[in-house]
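Protein sequences, first through last, are from chains A and B. My numbering applies: residue 6 is where the first sequence begins, and numbers increase by one. My numbering applies: residue 143 is where the second sequence begins, and numbers increase by one.
Derived from the structure by calculation, the hints contain no laboratory data. Incorrect hints may appear among the rest.
If you anchor each label on the Cβ, the simulated ranges turn out as follows [stated by the list, open to error]:
{"no.": "1", "chain 1": "B", "residue 1": "Q375", "chain 2": "A", "residue 2": "S121", "range": "47 to 55 Å"}
{"no.": "2", "chain 1": "A", "residue 1": "M171", "chain 2": "B", "residue 2": "D417", "range": "57 to 65 Å"}
{"no.": "3", "chain 1": "A", "residue 1": "H223", "chain 2": "B", "residue 2": "P386", "range": "39 to 47 Å"}
Note that the Cβ used here is the ideal one computed from N, Cα and C, for glycine as well.
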Amino acid sequence: MKQLVVLSGKGGTGKTSITAALSHLASQDHESLSIVLADADVDAANLEFVSAVKKIKQEDFWGGKIAEIDPDACSGCGLCAVTCRFEAILEEAGVYQVDPIACEGCAACYYMCPSSAISMIDQLAGEWYRSDSRFGPFFHAALRPAQENSGKLVTLIKQQARLLAMDEEYDLVLVDGTPGIGCPVISAISGADLALIVTEPSKAGIHDLQRIIETTDHFGIPSIVCINKMDLSVDGTREIEDFCAKQGIEIVGRIPFDVDVTRAMMNGEPITTYAEGSVASHALRDIWVKINGILKDLVNE
Amino acid sequence: MIIAVASGKGGTGKTTIATSLSLAISEQSPLYLDCDVEAPNGHIFLQPSIEKTEVVSMPIPAVDSSLCNACGRCAEVCQYHAIVVIAEKVLVFPELCHGCGSCVLQCPQKAIEEVPNPLGLLEAGVAKNGVRFARGVLDIGQPMAVPIIRALKQWNVFEDESPIIRDAPPGTSCPVVETISGADFVLLVTEPTPFGFHDLQLAVQVVNTLEIPVGVVVNRDGIGDDRVNTYCQKMGVPILMRIPLDFDIGVAVARGETIVEAFPEYMPRFKELYDRMQELSNARDAGHLKSAG
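Bound-form chain A, shown alone (with noise of 0.2 Å):
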């Protein structure tokens, strides 16, 4: 079983899209694979509404917790806001309250509180869920807008992936990664055999390119490159090689700009069901192929 994650660093580029149509290609192939599917992407799950998803199992999902001052016990010493170094104590007319959103729930003030009013309380982060989709089994949550733990959410996302994967023999994990470098990131490059980087021909994109790269490198990840919306600028496009050429990063494919992704995405379908025909299709079945073999390659675990 290998494990496909789509990174991008910068956002927008095209990661859910080409997942989808990647999932798409995959089990439809001529030597198809079997494929799990996880979102990684958990603050702003989006894979869902491209992939025909029918939910069989939804469950909570528990975040940190966080404190809560019960106001009878409280002698109002102030120990715990001197204590909290994340300003979530609030006092106001000798009355101390917790502040739920600046709360990291390290429960510094629980254990230095004088007058035990103070508990820790675990909250309700989110859900996730087993789906069946168009393509093979999917995993995937909803973060509760505005909660933390989404690297936590997006691990157990993962194993719960990895675990059906192995326990059924599938032969593919295939991760939609969430954008920049930070926690939720390195939750979903963690244990990839391979990272393939969305990015576009626009300084932004490369700029962000490049820290993507070196975040795989530092997590010991092999990346491959696909450039997605090509024709945004030809000079783009070339730094993009030259960059990558110096790296020794395989760029796996170019896809043109095509309005006909947007149309498949409208209509809730990969852009290789909706628009065989369709230049975007066209490249991603070649990227496919060059994938397929990569993965072929890497030794087996």
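Fit chain B to the supplied structure of chain A, relying on the hints for placement.
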């Protein structure tokens, strides 16, 4: 006036809007803060000359083994499993530590000190048209963006009271909350596609949780359907600007140009956008005063 530009979905045009907005009000010498510390791009458009830098560190525990008796109290109080005791030895995992200091306070042997662990960098300088610029940059391999954003917001590198434009990261979790909290107005940039629409709804929920006035910019207008419009109308969220789907705008932005420079006809529209946000924020304040009185 502090304005945060956020989105939910990535790549909808936050930085495009935030940089053009900053240039449109350049006579007020605004401060543009790039809070997307994982993937900061504002410098590409505003081209600051960086004059000042500062390292952002988190205090992490360092255990004096001559004083430690491996009692395990530190591991027991740490909520992040950042400090553990294995075979009479204390191990610290810096990337899990939130720097709360609880282990230091609770150690009965007073065996723990704190040492700074660098997480990233703050940079500041003056950019195009006198716009002041500051940004945070998270180090590669570091998971935690929030302490950098917090440090950036508190960095007193420019002291006077001019408008602040905060450019937020994508998503709806802690780095976004840190960026928008304390703002007077949140401008959400969306696109009328199913992904843009879904993430806009989540972003509106976040902003409502923090009770900050909110408005929307519809970018690439015409690409999708009408659901963003219907939703905004239903929720009473004003749509303050529409930018049509235009390949030429995409090409200019890809080259690193701001909209107001590449298409000067947008200059008055961005000025107007700023004025509208100021009015809406003032109206909210007046409403609060009335209801408080």
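So, going through the hints one by one against the coordinates:
{"no.": "1", "hint": "B/Q375 - A/S121: 47 to 55 Å", "result": "50 Å, holds"}
{"no.": "2", "hint": "A/M171 - B/D417: 57 to 65 Å", "result": "58 Å, holds"}
{"no.": "3", "hint": "A/H223 - B/P386: 39 to 47 Å", "result": "40 Å, holds"}
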